[in-house]
Amino acid sequence: MEDRMPVPPPHPAQDVTEHVGYRLKRTSAALRSAMDRALRDHGLTVPQYSCLELLDEQPGLSNADLARGTFVTRQSANVVLRGLREAGLITRPASAEHGRALPVHLTPAGRERLHAARGAVYAIEQRMIGEVAPDRLTALLADLDTMAEALGD
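Going letter by letter, the sequence shown gives residues 5 to 157 in our numbering.
Bear in mind the hints are in silico, worked out from the structure with no lab data behind them. Each hint should be verified, as a subset may be incorrect.
Quick list of the computed label-pair ranges, beta carbon to beta carbon [unchecked claim]: (1) 137 <-> 72: 21 to 27 Å; (2) 92 <-> 44: 17 to 23 Å; (3) 132 <-> 11: 15 to 21 Å; (4) 89 <-> 37: 22 to 28 Å; (5) 44 <-> 15: 17 to 23 Å; (6) 64 <-> 91: 31 to 37 Å.
From the three backbone atoms N, C-alpha and C, an ideal C-beta is built for every residue, glycine too.
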């Protein structure tokens, strides 16, 4: 077996728990877990809630748009949309008027469910950022965007 040179870490770190990726994943997992618990009370999953939020801001998005916006595959987005449609929270035509995209819209029940769930989700985010100084939060958001852009997202 040949001797290999150790690969230096991208920044000084005592162990894996001090790496940025580890911390991002830990935070993401904690956020997802908190949202799962809160949204269960509203009969929604995190991807369903995310779709409702996007549709509230941008009515008429397609399945592909929603998949990109919620970070899931198109196939997964179809499953999410089917559940939302069966629950009466969205409308989606059976066929497209123009092209192939099927525009999705919130129903009044969807808007009502979103608004009820939004308070729970915003309370989680407030708890998550509550101890971060406002000027540091602005820098944190900018840094997160920079890191995503560096990876081509």
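Within 17 to 23 Å or not, the Cβ separation of residue 44 and residue 15? Violated: the Cβ-Cβ distance is about 38 Å, outside 17 to 23 Å.
Range hint 31 to 37 Å (beta carbons of residue 64 and residue 91) holds or violated: violated (19 Å)
Can you let me know if the beta-carbon spacing of residue 137 and residue 72 is within 21 to 27 Å? Violated, since residue 137 and residue 72 (Cβ atoms, about 32 Å apart) do not stay within the stated range.
Take a look at whether the Cβ-Cβ distance between residue 89 and residue 37 falls inside 22 to 28 Å. About 27 Å separates the Cβ atoms of residue 89 and residue 37, which means 22 to 28 Å holds.
Residue 92 and residue 44, beta-carbon distance inside 17 to 23 Å? holds (19 Å)
Using the beta carbons of residue 132 and residue 11, state whether their distance is inside 15 to 21 Å or not. Check failed, 32 Å falls outside 15 to 21 Å.
Going down the numbered hints, you'll see the structure goes against 1, 3, 5 and 6, while the others check out.
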